[in-house]
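In order, the protein sequences belong to chains A and B.
For the first sequence, the residue numbers in the numbering used here are 1 to 303.
For the second sequence, the residue numbers in the numbering used here are 1001 to 1235.
Derived from the structure by calculation, the hints contain no laboratory data.
Model, not experiment: these values are computed from the prediction.
Among the clues, some could well be false.
From the derived model, a few chain B residues whose C-beta atoms are all more than 10 Å from chain A [unchecked claim]:
hint, residue
1, Ser1072
2, Asn1080
3, Lys1089
4, Ala1103
5, Arg1202
Here are some chain A residues pointing at chain B (derived, C-beta under 10 Å) [stated by the list, open to error]:
hint, residue
6, Phe3
7, Arg16
8, Asp83
9, Gln135
10, Arg201
11, Met207
12, Gly211
13, Arg218
Beta carbons are placed, not taken as given, at the ideal position from N, Cα and C, and that holds for glycine.
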Amino acid sequence: MRFSFFLSEAFGSMRRNWVMAMAAVITVFISTAILGAVLVTRDNLNQGATSLKNRVMIEVFIKDSATPKQTQALERKIQGMNDVKSYKYISKEEALRRFRERFGERIVANLPINPLPASYEVQVKDADQVDRVAQQFFNDPTVDNDPGTHNGVKYAKETVRKMLGTISLIEKGMWVTTGIFAAAAVLLISTTVRLSIFARRREVEIMRLVGATNWFIRWPFVLEGFITGLVGAVLAAAFVWVGNWGIANWIQTSQIDFLSLRIFRMWWQGGTWPLGLMPTLAILGAFLGAVGSLVALRRYLKT
Amino acid sequence: MIVFEDVIKVYDPDVVGLQDFTCHIGKGEFVFLVGPSGSGKSTLIKLVLKELVPNSGRILVAGRNLGTLRKSRVPLLRRNIGCVFQDFKLLPNKTVHDNVAYALEVVGEPRRSIRRKVPEILSLVGLAEKTDSYPHEISGGEQQRVSVARAFVNHPPLLLADEPTGNIDPETAVGIMQLLVRINRTGTTVLIATHDRDMVNRMRRRVLQLEAGRLVRDERRGSYDQVTEEVGDAF
Ligand SMILES: Nc1ncnc2c1ncn2[C@@H]1O[C@H](COP(=O)(O)OP(=O)(O)OP(=O)(O)O)[C@@H](O)[C@H]1O
Ligand SMILES: [Mg+2]
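So that you can see chain A by itself, here it is in the shape it has in the complex:
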């Protein structure tokens, strides 16, 4: 048995049934492209969610009347917290500088005194712990709370929670979509292969009468499935790749900065475009094609 014989059989058959071959390639292309797009998007959303979680920050404002000792005590308290990743002291001057940067010189120039309090910016390790950490500042005498409230502690509690919720929902939806399309891909490929084998069942019967072993009959079909799957998937991977690039460029040049989330960037832009995705999709396509052929052949090669 010669590999070159099987290969030429496979190519010959694809040339003869090129419409069928095209249909199979397009089927693989569509399903793996969707699969690829879903995977890339999921990957990027994950990244977005992670960076969002990382930016959950608690601002703890310090009373103007607090003594340096009290401030130091507060800092030690922050240092002692397990859930805190990092913290930064923002002095009254720093706060004013930032304010000026943001709203312009004119407003600041008219102020008789600096009304902005000093603060600590506290980063928590895990977004889910943000409440617990924040609560520890609610009754601290050094913190600039108005009596009966805890407005001296600020954190983007609701927004972040909603966003994370949305992202995890989208992610779940994506998993479901991925599953559905993976199943659809297998089904479509095996149906396409089955149709083409059904059209050639007489040939298969003749081959068997001449004394061809099952594997001798199978190989050209399997190779055909393999090649179609590979071509479709490589095209799909290229398509997803170009699509991702387009989105990355659009995000870069557009004014909206998506909460300055740095997503959909290509690897040379410092993003983590899943490089492994290309070969994964290609191998997946080729594998689907080959397995589709095998499954479809089973009926005709029983005895």
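Go by the hints and put chain B with the ligands onto chain A.
Coordinates of chain B with the ligands only, in the frame set by chain A:
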């Protein structure tokens, strides 16, 4: 070469294919299998190829017991049996050359020997000119010669033909039959199921006659009909 012992083949709802069939066909014999439509000729040929399995009885082909022959060995059995059918059974997408070559590819024949053997056998059957034609581009008689070439290119010890001349005009049929005789002369056992009365009568070879799945006549130098003899006796 072929031994049938008390073979019974019944199709699903009580349709008899072959009934209590016993017979021996020796090495190098040339045998006609005759009988009306539905008498079991094709059934017998399919049993020899192990396309069908008998309900009971024993079948030996070239010393091999088909009852104990493993499924995976069936292709090996078939490589030792050349087959010719009424509908030619050529691969429609392959040229004349590639159809014949396929039988050699199947047994893993080296490319060099394929390049030598195929033109050789094609000129033997008189189709050297049609090497690159496709089956639909040549006549029925030519297609049947391709199928004979394919059946014989491996020089199998046994050649089965199920109505090889059924779709062919009488003159062409003679040509096909001559080919089969030539193949038989090389030592290949030939078994032909046929309705071709003239042919059988002219050749005067061993005749097996089936009737509703039973062997009703086994004659050494027989004719197509039993009646001819009875008429002869009457005179
Ligand atoms: N696959 C099958 N399923 C059910 N019955 C079948 C099948 N094949 C053949 N038969 C029946 O078995 C009997 C013998 O058929 P067979 O094909 O062997 O006859 P035959 O002698 O070859 O006839 P013909 O000369 O018309 O080719 C017939 O009654 C036929 O209807
Ligand atoms: Mg028949």
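Evaluation of the provided hints:
1. Consistency note on Ser1072/B: stated as away from chain A, yet its beta-carbon is not over 10 Å from all of that chain's, at 8 Å minimum.
2. Annotated as non-interface, Asn1080/B brings its C-beta within 10 Å of a C-beta of chain A; the closest such distance is 8 Å.
3. At the 10 Å boundary, the C-beta of Lys1089/B falls inside the reach of chain A, the nearest C-beta of that chain being 5 Å off.
4. The Cβ of Ala1103/B sits about 5 Å from the closest Cβ of chain A, inside the 10 Å cut-off, so the non-interface label is violated.
5. Its beta-carbon lying about 29 Å from the closest one in chain A, Arg1202/B satisfies the requirement of being farther than 10 Å from that chain.
6. Given hint, Phe3/A at the interface with chain B, is violated; its Cβ is 12 Å from that chain's nearest Cβ, farther than 10 Å.
7. At its closest, the beta carbon of Arg16/A sits 6 Å from a beta carbon of chain B; the interface hint therefore holds under the 10 Å criterion.
8. Interface hint status for Asp83/A: violated, as the beta-carbon distance to the closest one in chain B is roughly 66 Å, over 10 Å.
9. Taking 10 Å as the C-beta cut-off, the interface hint given for Gln135/A is violated, the closest approach to chain B being about 73 Å.
10. At a threshold of 10 Å, the smallest CB-CB gap from Arg201/A to chain B is about 12 Å, leaving the interface hint violated.
11. This hint holds: Met207/A has a C-beta 7 Å from the nearest C-beta of chain B, less than the 10 Å allowed.
12. At about 4 Å, the closest approach between the beta carbon of Gly211/A and any beta carbon in chain B falls short of 10 Å, and the interface hint on this residue holds.
13. Because the closest C-beta pair between Arg218/A and chain B is about 12 Å apart, greater than 10 Å, the hint is violated.
This entry does not satisfy hints 1, 2, 3, 4, 6, 8, 9, 10, 13, going by the numbered hints stated previously.
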